[in-house]
Each structure stands twice: as structure tokens, then as C-alpha cells.
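> Just so you know, the sequences run in chain order A and B.
Quick note on our numbering: the first sequence kicks off at 1 and runs consecutively.
Quick note on our numbering: the second sequence kicks off at 1 and runs consecutively.
Hints listed in this document are in silico derivations from the structure and should not be mistaken for laboratory results.
One or more hints might be untrue.
With a Cα cut of at most 25 Å, we get these calculated DSS-like pairs of lysine-lysine [said to hold, decoys possible]:
hint, chain 1, residue 1, chain 2, residue 2
1, B, 468, A, 16
2, A, 97, B, 392
3, B, 392, B, 557
Listing some non-contacts, in silico: residues in chain A with all C-beta distances to chain B over 12 Å [to be verified]:
hint, residue
4, 27
5, 222
6, 261
7, 268
8, 496
Sample of chain A residues with no beta-carbon within 10 Å of chain B, all distances over it, derived [as the list claims (entries may be wrong)]:
hint, residue
9, 33
10, 242
11, 284
12, 335
13, 437
14, 448
Think of the CB as a built atom: it goes at the ideal place given N, C-alpha and C, for glycine as much as any other residue.
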Amino acid sequence: MKVIKNCLLSIRLVFKYAPWNAFLYMLGYFVPGSFSGIQILLVQNIVDSGVAYVNGVNGVTEEVAGALESIIVSGGALVALLFFWIVLQRMGTYESKVIETKLTKYMASDIMEKLQKLDYAAFESKETQEVIQRISQTPWQNISRCFNRTMLSLQTVLSIFFVLGVYMTISVWIGIGLLLIAVPMIALNFSATHHFHHIIRDTTEEGRRMKDLKQLIRSKHAMYETKVFGSQALIAGKWKEFSGRVETEMKKGGVKVIALEGTGKLLNMIYYVFIIMTLAYSLMHGVVTLGQFVAAISSIGSLTGKVNGAAWQATDAIRLALDIQFYREFQALPEGRSIGNVDQISHCDIAFENVSFTYPGTDREVLSHVTFRIKEGERVAFVGENGAGKSTMIKLLCGLYKPNCGRVLIGGVDVRELSESLRRKILSVVFQDFQGYELTLQENVALGNIEKLGEGMQIREALKLAGGEALYTTEEKGLQRNLGHLEEDGKDLSKGQWQRVAIARAFLADAAFCVLDEPTASLDPIAESHMYENFVRIFHKNGTIMISHRLASAKMADRIMVLDGGRIVQNGSHEQLMQEEGLYRTMYMAQSSWYLESAVNSDQGA
Amino acid sequence: MPAGWMRNRNEVGSKVKKDKEQKKNIKMLPYIGYCFRDILRFTPLMLWGKLAVSIVEGVLAVWQPILIADICELALGLEVIDKDVFYRNIIFLCLCIGLPALCSIVTRWTEIYNDCKKESCYGWNMFEHAQKIRLEALEDSEVLDTFQKADAAYSDQMAGSRMLSCIFIMIEAVLICVSTICVVGRFSIWLIPGAVLGFLPHLAISLISEKRRVTVYRAQSGVRRRMQYLWEQFCKKESVKEMRIMGFGEYLKKLWVKANVETMREMERVELKALQLGGLDAVIKNTCYAANIAIALLLMLRGSLAIGQFAACLSAFAVLQNELMKLGDKISEFANYYHYVEEYYDFFRIEEGEDGREEYQPFQQEIALQNVHFRYCGSERDALNGVELNIKKGEHVVIVGVNGSGKTTLSKVLTGAYQVSSGTVCYDGQNVNNLRMAGLYQDVSMVSQNFVHYNFTLRENIGISDLKYMEDDGRFQNIIEVMEMQDLVESIGGLDSQLGREFDGRELSGGEWQKVAIARGLFKDSSLIILDEPTSALDPLMEYDILTKFLELIQGKTSVIISHRVGICRSADKIVVMKEGRVVECGTHEKLQEAGGEYSRIWREQAKWY
């Protein structure tokens with residue numbers, strides 16, 4: 001059922017995006033489907049008329065003339081038939097390419113639209129991971145492939161029926177024989193193909209293992225480690241083991257496949273012999289004409305080719321149809337992206353009111369009953385151990401997720417009701433896993449505020465403030481230099497350099513609040529301290545929300561909130577918190593002890 | 001300041017690139033040669049099987065029209081028929097039509113046989129070579145690209161064997177065409193021109209249109225990669241997050257649409273051209289076909305061609321048409337697979353690293369670096385620029401410095417993983433360049449900045465550093481105790497439990513992985529251990545915990561610690577301050593603080609925040 005539904009889906013989709021091409025494609029494939037049948041009839045006619053002509057040369061002239069005319073008409077028809085055959089087939093191939101380009105053009109846009117409307121949770125959730133992964137790899141190709149396969153199988157079945165019909169006119173026995181043989185042959189081939197896919201799927205555990213190992217030998221870090229540890233033998237041994245297992249598995253399966261297919265082929269051969277013998281016998285007894293004999297013999301090859309092909313194509317069509325199930329699942333994903341329309345608020349205060357949150361599909365409460373308020377222009381730092389819920393809070397603040405209970409408000413309005421442009425004016429975020437895009441440097445910075453794409457001066461200024469001046473001054477092409485490896489002259493940046501680009505984006509956005517989600521992890525100490533100084537200087541007019549487990553940054557905030565286990569356990573300025581007995585002080589002492597001269601030797605006991 | 005050791009193109013990469021440029025001039029023969037060599041080595045049976053099939057099929061295809069001619073002749077003279085001859089011919093015909101079915105079983109078998117051998121032969125080949133590649137080469141994205149392509153070439157495309165099939169089928173098709181033309185020619189010379197005329201233009205047109213298609217597709221590969229890259233951004237959670245917050249989705253979409261429209265327009269153009277050429281081809285071929293039938297008819301009517309021969313001609317023309325179609329298809333397939341074959345064998349052009357010959361004697365005195373220079377090829381400046389350094393046995397050395405000052409490069413040169421451009425690295429006077437690396441590495445352990453998360457068992461994850469102790473449970477027990485990992489071991493269900501979500505094992509947190517990495521470094525029985533900035537992803541409490549623990553555990557070993565956090569320096573015997581590829585200061589914490597140079601500057605910068 002699912003298979004048929006998905007085949008229909010692919011047909012429907014192709015007809016939706018390229019109706020005319022799909023029509024021509026079908027024309028190009030289905031019309032020639034009947035040709036092989038007609039060809040047999042024509043050949044038969046030519047030969048018989050030829051015989052009649054040769055035999056009749058000395059006899060009645062009218063008969064001879066009739067035979068000649070029939071030969072010429074049939075010959076002409078045969079040539080025309082082959083001509084159309086080739087032309088239509090070419091057209092079909094061409095149309096299938098055009099269908100693919102049309103799908104890339106139109107269907108891809110629709111998919112992209114849908115992607116943009118999806119609830120953000122879909123991208124992070126484990127259940128939908130596979131679907132998204134599939135979507136990220138040219139999904140329209142799977143659709144067009146499924147369409148092609150479905151059409152081809154139908155066409156083959158159709159032409160088999162045509163040929164069968166023609167055979168019936170020559171000899172009922174051959175027709176019946178074909179019917180008898182076709183069913184078990186298709187069944188055998190089908191199960192062989194099915195089995196073959198199955199042995200490949202059976203080895204996927206090993207396949208994934210091998211992929212994992214390949215990842216290792218491709219990584220310079222792993223190669224360095226295994227070289228120094230002298231453990232290359234272990235990795236190589238594992239590879240041998242898994243590939244050996246795959247080999248034996250496949251061999252075992254392969255024998256079965258060959259046995260199944262071999263039986264099919266044997267039946268096939270028996271059928272050939274049967275046809276030839278029947279025809280020869282009938283020819284001897286004058287039941288079939290010479291023309292019928294020749295025509296039938298020369299079409300045997302293509303006929304059984306079709307029977308074989310039908311099974312293969314049908315299995316493939318089924319596989320592809322099951323394969324595009326992901327598209328169905330994708331279409332079913334909820335479009336929960338909130339697009340609010342409030343574009344005026346009286347003030348920019350941020351407030352969390354009794355917010356609790358659990359990631360969908362998990363049962364650990366990441367935030368529980370968090371309540372706080374941040375005034376416009378305030379500098380706040382959130383600190384806490386890994387997994388305390390800091391980053392989750394930022395996602396909620398940005399409206400990427402909806403809290404299970406409680407409300408996240410900006411200026412008294414739920415963030416998910418704010419319009420995109422307004423929210424952008426209020427919040428800019430540098431995420432922990434900030435991205436470097438393989439575009440030009442200028443574009444990369446301007447992504448923070450795409451309206452300023454043309455403002456070279458401001459972009460330079462932003463980069464300068466983020467400490468990334470060298471990125472454009474040392475390069476010939478300046479801001480237009482390509483980053484990443486997509487372009488020939490592109491260069492990748494180091495993690496630290498990308499970080500500067502990411503921070504420049506935030507500067508360019510110039511929002512009321514700048515959120516920095518732990519962006520300094522891979523900076524060296526001096527760069528880190530400059531960065532902090534810059535934060536304070538640049539954002540002196542704006543509010544900042546800093547998330548960090550490096551407490552130095554926290555110290556510069558007006559107010560520090562300490563998160564632990566999804567709750568805010570401490571709230572106050574650095575001085576206040578240092579006076580309290582609590583998590584903050586413990587953490588701070590741990591970090592600063594490295595630098596306090598009095599602590600020399602007391603910790604290490606060296 | 002650009003980090004010198006990161007991602008610079010180096011020699012090996014540019015070599016690959018240069019090769020690629022030159023390749024256009026090189027004939028395709030060497031690649032086909034490699035391909036045959038490997039097939040002969042791995043799956044000779046397949047080669048012979050395919051060869052046999054090709055020969056049998058070729059012979060039978062030519063025999064069939066001749067048989068049909070004979071049978072027809074016999075059938076026409078039914079009254080005076082020699083039944084034995086007739087039935088003998090019928091049996092031959094049965095063979096002629098039946099054998100190809102058996103041949104296809106052989107073909108299928110060769111395919112499956114090859115599939116079975118794929119990973120254990122072609123995959124292993126790559127695997128072996130990959131392990132020998134110089135470490136520096138893996139810094140280069142070009143090399144990684146080559147790697148990826150080669151991988152896809154053999155595992156997805158099975159390029160070698162498929163190209164071989166194409167070659168065989170092509171040769172077979174050409175032979176059949178030629179011999180069919182000969183057979184027809186034997187009936188009457190007049191039939192030859194038409195057949196040849198249909199054959200040659202078709203070949204030429206197929207080649208031209210395929211070449212054009214390949215050129216355009218290759219020229220587009222850059223734009224296509226960009227399209228795919230942009231598309232992926234819409235599916236990647238990190239990018240989607242930023243896209244939504246910063247609102248640049250529309251912009252990326254615009255870029256994508258632009259690239260898309262451009263490539264699609266070009267493709268449609270190429271396909272249309274191919275269609276036109278194909279149409280022309282069809283016209284020529286059919287005209288010839290029609291001419292041939294007309295000539296045959298004429299000859300028959302004039303009596304110079306027997307009716308049986310005429311029937312045989314019809315059958316032969318059909319064979320010819322069929323083979324021509326096949327030939328056209330196979331030419332384009334061949335071009336496609338040949339491309340993958342190139343990609344596979346290009347991988348083996350990446351240089352292998354060299355190994356020294358001398359046996360390593362464990363060092364007793366010191367490791368000495370003299371005037372060491374190192375440059376990543378393709379980079380304009382030295383990553384290490386005249387480093388002088390002595391490390392005495394048993395010393396704890398900390399290397400500090402800003403990003404890109406060459407700390408990690410120094411550590412890799414120290415272990416001989418990277419070969420110095422000039423200068424020497426000596427362990428008690430033994431130059432690492434001359435040493436057999438495996439010997440040296442028995443004495444070196446490390447915790448790398450980018451330690452690897454192996455999706456193996458916990459035992460393997462720790463024991464991988466020293467395979468000879470893999471079964472030594474006491475040693476594991478010991479390391480687990482000192483690292484205080486008992487809880488971790490218990491929670492995942494013992495030493496032999498699988499790690500990593502990918503294989504249904506448990507995924508460890510960052511801190512837990514860190515502990516595993518340190519346990520791994522310490523597990524190895526070595527006298528030198530290198531610790532490269534392992535704590536950047538940890539929160540302060542854990543960082544503090546792990547570093548103190550580490551310092552405790554390396555007593556008795558020589559250690560080199562690389563860190564951004566100068567705080568750790570107080571416990572070091574020697575602090576080495578790196579700047580722009582040089583050692584600018586060297587000494588103890590107190591001494592360097594007094595000196596008031598680079599070290600004290602870094603220290604102040606960091607300490608002032610606390």
C-alpha cells in the first residue's frame with residue numbers, strides 16, 4: 001500500500017511541477033511500448049509477402065503486384081516505426097532531464113519554504129534528524145528517480161502484453177508458454193533482487209562501522225594519535241575484521257541470489273527451446289508461415305530481456321518508493337515557526353516568568369521555574385556548570401522553543417508574538433556553536449544585519465572592534481576575499497578568527513541586547529581579555545547578556561545569575577556573590593587560585 | 001594574526017593540484033592500466049569471466065543471422081527437405097539464443113563477486129595507503145577532498161569493475177557490428193556502404209555529445225558544490241538557528257536561486273543540444289537502415305538475394321541497430337566511470353611519509369632542539385622559526401604563548417610527527433629524522449588538543465594508546481582508580497561496553513571524554529608525555545580538578561604541557577614562552593616574573609581578571 005501510495009505521490013509531484021514535460025515523457029515511453037509488438041507483425045508481413053512474391057513470379061501478375069505493394073508498405077512502416085521509436089525515446093530521455101531541472105527549480109523552492117516554516121525543534125530533535133538529513137541531500141532527485149522507475153516498470157509490463165498479444169496470433173501455445181513462464185520468472189527475479197538488497201542491508205552494522213573507521217583515517221587528529229600510540233594495527237585489524245565479515249555475509253547471500261536468478265535463467269532457456277521447437281515443428285507442418293517464424297525468432301531476445309527487466313525494475317521501483325517515504329514524513333512535520341506581528345513595544349525589558357522547559361522527547365527538565373527580569377541596558381552574566389541550562393535559556397529567549405509553562409516576555413509581550421524585524425532590533429546573539437559560512441568576508445559579517453551588506457565602512461568598523469582587522473588588511477581582496485574552500489582562492493579561517501567574524505556580526509546588528517553565549521572558549525588569554533574589554537566598551541549603550549563558565553567575563557557584568565540544575569540559585573553583583581557562601585565563590589576560587597601568588601605550592605604539592 | 005599551523009595548503013596538496021592540471025595532457029591509458037592491474041590482483045576470475053562472456057556473446061550474435069538464413073532456405077524447399085540438417089540447424093539456433101541467458105548468469109556472478117571483494121580489496125588498499133600518508137598532508141583540504149572522492153569512487157560507484165564492463169561491452173559491440181557488416185557483405189557487397197554509413201556517424205555523434213556534456217558538468221562542479229553547500233545550510237541546526245535570529249535566510253535563498261537558475265539553464269541547453277544531435281543521429285541511422293532494407297528488397301526482387309538471406313538481413317539489421325544503441329549508451333557510461341577511476345587512483349598519488357632506519361634507544365639525558373625551522377608548505381612564513389630548546393629527563397615543561405605562536409607545531413615536531421624543514425631534533429643525540437618512528441613512539445604518549453572519540457569499547461578507548469596491555473585488567477583497574485572513573489565505568493556497564501551513540505553505546509559528556517582521553521595518555525607506558533591544551537571546553541571546577549590530577553599523575557615522567565592558561569605554570573620546572581615561532585623566554589615562574597618580559601605580560605593580562 002505504502003509503495004503504491006508513494007509511487008502515486010511521485011507521479012503527482014512530477015505532474016505538479018512539470019506537467020507538460022511529464023506528459024511528453026510518458027508519451028515518449030509509452031507509445032514505443034507497443035512498437036515491439038507491431039515490429040513483429042511487420043517483419044512477418046515482409047517475409048511472407050517476399051515468399052509469395054518469389055513463388056508467384058511465374059504465376060498470376062495481380063498477386064505478385066499485391067505482394068510487392070505489401071512488401072513496400074510494410075518496409076516503409078518498419079523504417080518509420082524504428083525512426084519514431086528512437087526519436088520518441090530520445091525525447092523521453094530529454095524530458096526526464098528537463099523534469100529533473102524543473103524539480104530543482106520549483107520543487108526545491110517549495111521545500112526550502114517549508115524548511116523555513118518548520119518549528120526549530122525539528123532540527124534538533126533526534127526523531128526527525130534522519131528526515132532532515134535526507135532533505136539536506138537533493139531530495140527532488142529521489143522523487144524524479146522514483147517517477148522514472150515507476151514509469152519504466154509500467155511501460156515494460158505494457159509492452160510485454162503487446163508482444164504477448166502478437167504471439168497469440170502466431171501460436172496460442174507460445175503465448176500460453178510465455179504466461180506460464182513469465183510469472184515464476186518475475187517471481188524468481190524479484191526475490192533475487194529483493195534478496196540482494198537485503199544482503200546489503202544486513203551488513204549495514206558493519207558498513208557503519210567501516211564508515212566510522214574511514215572517518216578516523218581521514219582525520220589528522222586521529223592519524224596523529226594512532227601514529228604516536230602505535231595503534232594503527234588496531235584500526236587496521238578492525239577494518240579487516242569488518243570488511244571480512246561483510247565479504248562472507250555477502251558471499252553467502254550472493255550464492256542464494258545466483259541460485260534464484262540462475263533458476264530464472266534456466267526457465268528462460270527452456271522457454272526459448274520450447275518456442276524454437278514449437279515454431280520449427282509448426283513450420284514443418286505449415287501451421288506457421290516463414291514470416292511468422294522469422295519474426296518470432298528475432299524478437300525472442302528482446303522479449304525475455306523485458307521479462308527480466310520488469311522484475312528488476314519493479315524491485316527497484318519498490319525500493320525507491322519506500323525510500324521517498326522520508327519526503328512524506330517531511331511534509332508532515334509541523335510548521336510551528338512563530339511569526340508574530342507585534343512590531344511596537346513600549347520598552348525592552350526582558351522577563352522570564354516561572355519558565356520551565358523540557359526538550360521534546362526527553363524527560364529531564366532543563367529549566368525549572370525560572371523567574372528573572374533584565375532591564376533595558378543592563379549588563380547581566382549567567383554562569384554555571386556545563387549542562388546547567390544556560391544555552392537553553394537563550395534558545396527560549398530567542399523564541400526558538402516554546403516553554404512548557406510560564407512566559408518569556410520582551411517589553412511585556414511574548415517573544416513568539418513579536419515580529420521578526422522587531423525581535424532582531426532587540427536581540428542579537430553570538431552562539432556557542434557560531435558558524436563560519438563559505439562566502440566572502442563581507443557577506444559573512446553582513447549576515448548579522450543583511451541590510452548593511454553594502455556598507456563597507458561599517459563592516460570594517462565592526463571587524464576592527466571585534467579584533468579582526470587583520471582579516472581584511474592582510475589580504476589583497478580585502479573584504480571581498482573568499483572564506484572556506486568552495487572557491488579556488490578561498491582560505492579557511494582558524495577557530496579564533498571565525499570567532500572574531502561572529503562577534504563582528506553582533507556589532508553590526510546593533511541590537512538593544514547583545515547575547516554572547518560562551519564565545520571565547522578557543523581564544524588565547526590575551527585575545528580573550530581584549531575581547532572582554534571590547535564588549536564593555538562597544539556595548540556600553542546596549543544591554544548585554546553574557547553566558548560563560550569563565551568567570552572573568554561575569555565580573556564585568558552589573559549583575560550575575562548563577563544557574564544550577566535548571567534553577568537560578570544566586571543573583572547579585574560579583575562583590576555580593578563573593579561574600580555569600582555558594583557555588584559562585586567556589587567556582588571563582590578554583591579559577592583564580594591559579595593566579596593568586598599566595599596559593600603557590602599549596603595546591604599542587606609538587 | 002593568522003594561525004600558522006591551521007589549514008595552510010601544503011606541498012602535498014599543491015602537488016595533487018598540479019597533477020590535476022597536468023592530467024589533461026596525460027593519456028587515459030595509465031589509469032586504465034592501474035585499473036587492470038588491480039583487477040588482475042584482486043579479482044582475476046571476474047576478468048576472465050567477463051572476457052569469456054564477451055567472446056561467447058559476440059560469436060553467437062554473428063552466428064544467428066547466418067543460421068536464420070540457412071533455416072529459411074531449408075524451409076522454403078520443404079518438399080525436398082533434409083530433415084536432419086534442418087533439425088541440426090534448429091538445435092544450433094536453440095544454442096544461439098539460449099546460451100546468452102547462461103552468460104548473463106556468469107555476468108551476474110562476476111558482479112556479485114566483485115561486490116563482495118569491494119571493501120576487503122579496494123577499501124583495504126585505500127586504508128593501507130591512508131595510514132602511510134604524511135601527517136602534514138592531512139592538514140590540506142585538497143588532500144581530504146581527494147580522499148573523499150576516491151572513497152566515493154570505489155564504494156558508491158565500484159568504478160573500476162564497471163569501467164571494465166563498459167570496455168568489454170564496447171569492444172564486443174564494435175566487434176559484433178563489424179562482423180555483422182561482414183556477414184551481410186557476404187550476401188551482397190551492396191549492403192556494406194549503408195551499414196557502415198549508419199555505424200560511423202553514430203559513433204562520432206555519441207562521442208561528441210558525451211564530451212560536450214562532460215565538459216559542461218565538470219565546469220559546473222564548482223557552482224554545484226556551492227548550491228549543495230547553501231542548501232545544506234537550510235537543514236543544519238546551527239545555521240538555521242543563526243539564520244532565524246539574524247534573518248539572513250532570504251539572502252542565502254537568493255544566492256541559491258541565482259546559482260540554481262544559472263546551472264539549470266546551462267544544463268537545459270546542453271541537453272537540448274544532445275537531443276538535437278541525437279535527432280540528427282536518428283535521421284542518419286534510419287536513412288541508412290531504410291536504404292539497407294530497400295537495397296536488400298531490390299536485390300531480392302532481382303533475384304540476387306535469396307529469400308532466406310533477406311530474412312537474415314532483417315535480423316542482422318536489427319542486431320546492428322541494437323548494438324549501436326548499446327554502444328552509444330556505453331560510451332557515456334564509460335566516460336562517467338572513467339572519471340571515477342581517475343578519482344580513485346589520484347588518491348594513491350598522495351605521497352607517503354618516510355621512515356628512518358635506526359633503532360631508537362630510550363633517552364636518558366635530554367631532548368634537544370637546535371635551530372628548528374618548520375614551514376607549512378603554501379604558507380609564506382615559518383611556523384617555527386629557529387627554535388632552541390632543551391628538555392631534561394624528568395622535567396615538567398609548560399609551553400605558553402598566544403594563538404598561532406607555534407606551540408602545537410612545536411609539540412608535533414618534538415615527536416617527529418612533522419619533519420623539520422631545517423635544524424635537528426635529537427633524543428640523546430639520536431636525530432628523529434633517522435629513527436624508525438614506531439620505536440620512538442613506544443616511549444612517547446600524549447593527550448592531544450583534539451583527542452579522538454573512538455566509537456569503540458571503553459577498554460579500547462583507553463587501551464588504544466598501548467596495545468600490548470589491552471588485556472591487562474590490573475593496569476586498567478589502576479588507571480580507573482587514579483582517574484576516579486569507577487562511577488563512569490559502572491554507569492556504562494563495565495569496561496567492555498560500547499561508547500558512542502552511533503553504535504547504541506552510551507554517549508559521554510565532554511568532561512567524561514576528557515577523562516577518558518587523559519586516562520588514555522597515562523595508560524601508555526612511556527617516559528615522555530605531551531598534554532596539549534585539553535581543557536578549553538570544561539567548566540572551571542572540572543578544569544581545575546583535571547589539571548591538578550594530571551600534574552599529580554605524571555610524576556616520574558618527562559612532560560610537556562601546552563596551555564593557554566598561564567596559571568598552570570607555577571608548578572612547572574621550566575616555562576617556555578613562544579612568540580611568532582620562536583622561544584622568547586625560558587625559565588621558572590619566579591625567574592620569568594622577575595624578568596618582566598613576555599611571560600609576565602601574559603600573566604598580568606590574565607591575572608588581572610581575578
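> Each hint needs a verdict: does it hold in this structure or not?
Status of each hint after checking the structure:
| no. | hint | in the structure |
| --- | --- | --- |
| 1 | B:468 - A:16 | violated (64 Å) |
| 2 | A:97 - B:392 | violated (69 Å) |
| 3 | B:392 - B:557 | holds (11 Å) |
| 4 | 27 | holds (15 Å) |
| 5 | 222 | violated (5 Å) |
| 6 | 261 | violated (6 Å) |
| 7 | 268 | violated (5 Å) |
| 8 | 496 | violated (5 Å) |
| 9 | 33 | holds (16 Å) |
| 10 | 242 | violated (8 Å) |
| 11 | 284 | violated (7 Å) |
| 12 | 335 | holds (14 Å) |
| 13 | 437 | violated (7 Å) |
| 14 | 448 | violated (6 Å) |
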